[in-house]
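Asker: Sequence:
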Amino acid sequence: MPPLTHLTNIEDAASRSPFRVAFKIPQVNPQTDQIELWTDITFHQFLLDIEHLAGHWFHVLKETSDIPQRSVIALCFEGYKYLDIVHVYAISRAGYIPQLINIFRDANVETAVSQHKVDSILTWKCKGVYRSL
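Here the numbering used here is used: the first residue of the sequence shown is 661, the next is one more, and so on.
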């Protein structure tokens with residue numbers, strides 16, 4: 661039996677109960693700031709989203725930026741959105757070690773990164789891959 665990891669748990673859930681709801685994403689009306697409806701994300705869709713972004717991040721990190729697999733990749737974002745979670749799993753699925761760094765609007769990225777041993781950093785605001793830290 662292969663070891664259980666966060667990735668094998670998702671794969672197992674997607675194979676056993678593909679249409680079971682994994683996430684409920686609120687759709688907020690920007691004018692009223694009220695939740696209008698909820699969108700269901702199944703385990704199957706969650707796994708598909710992870711696999712899709714894993715291919716993207718493998719291309720960006722390994723093939724484009726020549727960052728070796730098993731490198732620590734700092735992920736700087738607020739961490740409140742479904743896609744933030746998918747990116748964490750996708751970086752791991754692509755063969756890298758995600759290091760989460762919560763960055764608020766007034767935070768200094770260099771200060772936050774200096775506290776962690778990271779090989780590269782990805783930020784959603786700068787939309788880039790930074791190699792030399």
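The hints are simulated quantities; they were obtained by calculation from the structure and are not laboratory data.
All C-beta atoms in this analysis are idealised placements derived from N, C-alpha and C, irrespective of residue type, glycine included.
Each hint should be verified, as a subset may be incorrect.
Said to hold, decoys possible - Simulated restraints, written as ranges between beta carbons of each label pair:
#1 N689 - D744: 20 to 28 Å
#2 N689 - P728: 42 to 50 Å
#3 W698 - S677: 13 to 21 Å
#4 P663 - I685: 39 to 47 Å
#5 D726 - T699: 32 to 40 Å
#6 D693 - P663: 40 to 48 Å
#7 P663 - Q691: 24 to 32 Å
#8 Q691 - P728: 16 to 24 Å
#9 G755 - R680: 22 to 30 Å
Asker: Each hint needs a verdict: does it hold in this structure or not?
Answerer: Each hint tested on the structure:
Range check, N689 to D744: about 22 Å between beta-carbon atoms, so the 20 to 28 Å window is met. Separated by about 45 Å at the C-beta atoms, N689 and P728 satisfy the suggested range of 42 to 50 Å. Restraint check, W698 to S677: a C-beta distance of roughly 19 Å satisfies the suggested window 13 to 21 Å. Between P663 and I685 the C-beta distance comes to about 30 Å, which lies outside the given range of 39 to 47 Å.
Separated by about 37 Å at the C-beta atoms, D726 and T699 satisfy the suggested range of 32 to 40 Å. Take D693 and P663: their Cβ atoms lie about 44 Å apart, and the range 40 to 48 Å holds. The supplied range of 24 to 32 Å is broken by P663 and Q691, whose beta-carbon atoms lie about 48 Å from each other. The supplied range of 16 to 24 Å is broken by Q691 and P728, whose beta-carbon atoms lie about 47 Å from each other.
Checked against the given bound of 22 to 30 Å, the beta carbons of G755 and R680, roughly 28 Å apart, stay inside it.
Hint violations for this structure: numbers 4, 7 and 8, all remaining hints satisfied.
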